[in-house]
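Asker: Chains as they are written, first to last, in my numbering: chain U, 423 to 1289; chain Z, 123 to 239.
Among the hints, a few may not be true.
[Unchecked claim] On the chain Z side, residues computed to face chain U include the following (Cβ under 10 angstroms):
1) L169
2) N173
3) L181
4) S197
5) A203
6) A229
7) G231
[What the hints assert, rightly or not] According to the in silico footprint, chain Z covers these stretches of chain U (three or more CB under 8 angstroms from chain Z):
8) 467 to 478
9) 775 to 783
The hints are simulated quantities; they were obtained by calculation from the structure and are not laboratory data.
Beta carbons are placed, not taken as given, at the ideal position from N, Cα and C, and that holds for glycine.
Here is what each chain is made of, one letter per residue.
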Amino acid sequence: MTLRDLRLRLRALFFHRREETGLRDEVDFHLAMETRKRASQGDAAAARHAEVAFGGTERVLEECRDARGLIWLDAAKRDLRHGFRGLLHTPVFTLVAVVTLALGIGANTAIFTWVDAELLRALPYDHPAQLLAIDEYANGRIVSDTYPDFVDFRAQNQRPGGTFSAMAWFQQLGFNLSGAGVPEVVTGADVSGNFFSTLGVHPWLGREFSPGADAATAAPEAVLSFALWQRQFGGSPAALGRTLNLDDRAYSVVGVLPPEFRDYNQTDVFLPAGLFLKDLANSRGSHNDADILARLKPGATSAAAAAQIRAGMAALARAYPASNEGEGTVVRPIRALFVGSDAPMLWMLLAAVGLVLLIACANVANLLLIRTAARQPELAMRAALGASRARLTGQLLVESLLLAALGAGGGIILAVLAMAGLRPLATGVTLRLNAPVLAFTLGLTVLAALLFGTLPALRASRSGVGAGMRATRTGRRGALVVAEVALALMLAAGAGWMLKSFSRLMAVNPGFRAQQVLTFGTSLGGPRYAADITRLDFARRVLARLQALPGVSVAGIGTALPLSGDHDRADITIDGVPLPAPGHFPHPDFHAISPGYLPALGLPLMRGRNFNAGDTAASPQVALVNESLAKQYWPNQDPIGRRFWLGHPAPQNHNLVTVVGVVGNTRQYGLNAPIRLEVYQPFEQSASSHPQFVLRTEVPPLSLSPAAAAAVHAVDAEVPVVGAQSMDAMVAASVASPRTTLWLLAIFGGLALVLAAIGIYGVVAYAAQQRANEIGVRMALGAGGGAIARLVGGESVRWIGAGLALGLVGALGAGHFIASLLFGVTPADVEVLATVTGILLLVGLLASAVPVWRAARLDPWQALRRE
Amino acid sequence: MPPSSSADARLGLLQGTLDLLILRTLQDEPRHGWSISERIQQLSRDLFQVNQGSLYPALHRLEHQGWVAASWGISELGRRARFYSLTAAGRKQLRVETGNWQRFTMAIGWVLEGAES
């Protein structure tokens, strides 16, 4: 086929309709001319004679089409039509095959949408591969950067050989947005003036900050996310120049970011870092949710960048040993900030749905083999009539593609439905069918068609004229059974591990009693709440109202509730032990609580006393510690009455705190997270600007949330109430990811079992039918039902056994990759592997039992007479 | 091809010669299908009558082979018509085919005369 030929044929394919009308116009014109000529010669019936002279219009059109190379298209059309008719002929086969494929393709499409959105889709920045995130490292974990370190890193980069073309600062902040409508807590960030240019992001509306954004004299300007702009200003361009009140400080809106912009914290409002310089500049020792984002110079490597930052940090450690000694740095691609703990789970799920699709393909291949066997007479006749082998193979592959396409259609519908279920789990990204996802599905569809269609198509066309399917050995089909059983075992093992892992997780004692507890947060920002006394006053008045609510048994105040993800950490210095090396001070979590906190959350007091009304700002500083801290720093001693300093020892450090009690350990960061050191201080001595309220209730907790919000607003209508939820819901949310994995794997595993059962049944039944003749002879020669059952059943048992063995090997190999997703169970867990092997054996035997039983009861005469 | 029934004096075309005649009529100027058939009839002094039904498949085949190009234009009647013209490849093909035909008729003539050179 020459290029020109191909072009014309493609044109014929795509412009078929236009070609058709063109042909007709051309012929009509000819007839008109001929008629005119004949009429001018005095022909009374000119039009009719013109048509006669022309010959049959339709025949001519047909010949023209042929001349244009449309034969090829028509053949494909014929195959398609033929295929459709064939599929309609065997509706049960078609339905089973299409549903099987739809499940496989749908599951893959849905999971891939998630993988694409979370892991693959390019970040909406200019040349995202050049962007690195620089973080600091202390006490064996990644901590955020400090602003003075950022300034120094940036200065170091100015020296010759600096690897970065730009370095930007990004620090997460929370604000109370007020002044219009319902007060809202927004996620904010203070960023260096070059933040947007470093990322290569341009405002969609308006402009970036005015120059000088890094200086204390920066103009109070705000750049909004598209979402906040929609929410607060209804997407009106008039928002530019309007004023936004954040923590009672006014900012003028100067820009709106593009809708596709996203950062890893879903920030709503960006403010110039210069405005926060007072807090930032003297914070070399305190790490507060900040990252340095830097762009590599073209040609610079991230290894060189990491070396530069490492050397820079070493210099800072020499210059500022008190804060920086013992600290390291971590330089990662910026994507590392986006990808949470979901990545291993997503890859695992994608692998799992891949296995499901493989099983589905094996099943459909098997169905097709049986179907082609039944169609053998038809195929033999077509071969006899001169259809070439390639033509027959082609026709069967067209049918396979048709099946796969129907399956893909169903699969896309299933995927859209499944996405509605996945959406709440995929936070921070939007799941939708887009071009890459559809391309993936298309590729998968073709791949699936080739996978399940090639073997049957080759098999069918090879047998050729007159050859029956007698030659078909069951060997290939046996291989399909082995593969299906092995794949299903791997999936079932995955589901088994997750199930055991999840039950282990749920059996973990969180350290508190989650039932019948309502929690919500508030946020006290701005100058009105700048003084401790104002925050204390607010908290006391709200607490009194909450305590008086009917249905509340006890109300308390706390900060950083368990499982909330919040934390507030600082170094302490234990009195009476040798000073640790810099970077190795105890670094516990801090909580500020009211006396009601412990009973409201159900935290047990192990020793000593709870806080009481006597612990005030005027009284000596006291604290409760958790069991872990007590055990680690005062082993085999009574911790009551022991003392520690807040922070590092210094002549002017008077923050000496006395331990008055020991509280039980809690799972602060998740049921599967290790227990940390915890320190509780009286709220009266450490009035937080983000008090959270905890109510132990006698009624369903959420039913009290309107009354609780009203209690807050009765004290101050401007203070936002955020995240009202029951503690039960927080526990459930904390295990959402393992729960999702468990459910999805359970669904995929169940699907695999059903598909494998159908596959085994089909193969065994077909094999028994093929051997009916042999069975008849054996019975006639005196073989009993038991012998026949052994004959037919023995084969399937061997297949299943081989599949189980292969599956166990595969599961152990694959389990290695998902070990990080498991809690309290290893892939080699005997209980899980034995159980799933047993289940699959049972399913396999049940699926083959019916055909075996039928074979054993075969009437030998019937069987023999069939020939 | 059977002779046309309307005029016994007219000749049917030899198999394979229609393409050559079409290419020849397009040598002077682009024409639409009807005008091609008229032109062949005219140049053959009415001896040839083109089977109009086989003309169009031949035109489409020639287009497919790249020897003629087609475009829509307005005919002398003011109607939309499809005009065919020779391509460079078609011109070359016409020269080759013309040469072939002349050698063919010459050979036939010699055979029929029966005289040896």
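Asker: Run every hint past the structure and note whether it holds.
Answerer: Taking the hints in turn, this is what the structure says about them:
1. Residue-level restraint check for L169 of chain Z is violated (minimum Cβ-Cβ distance to chain U is 17 angstroms; threshold 10 angstroms).
2. Interface restraint check: N173 of chain Z against chain U, minimum CB-CB distance 7 angstroms, threshold 10 angstroms, status holds.
3. Residue-level restraint check for L181 of chain Z holds (minimum Cβ-Cβ distance to chain U is 8 angstroms; threshold 10 angstroms).
4. Because the closest C-beta pair between S197 of chain Z and chain U is about 7 angstroms apart, less than 10 angstroms, the hint holds.
5. Taken as an interface hint, A203 of chain Z checks out: its beta carbon lies about 5 angstroms from the nearest beta carbon of chain U, inside 10 angstroms.
6. The closest approach between the C-beta of A229 of chain Z and any C-beta of chain U is roughly 30 angstroms, which is over the 10 angstroms cut-off, so the hint fails.
7. Evaluation of the G231 of chain Z hint against chain U yields a violated restraint, the C-beta minimum of about 33 angstroms exceeding 10 angstroms.
8. Counting residues of the stretch 467 to 478 of chain U whose C-beta sits closer than 8 angstroms to any C-beta of chain Z gives 4, which meets the bar of three, so the coverage hint holds.
9. Look at the stretch 775 to 783 of chain U against chain Z: 0 of its residues bring a Cβ nearer than 8 angstroms to a Cβ of that chain, fewer than three, so the hint is violated.
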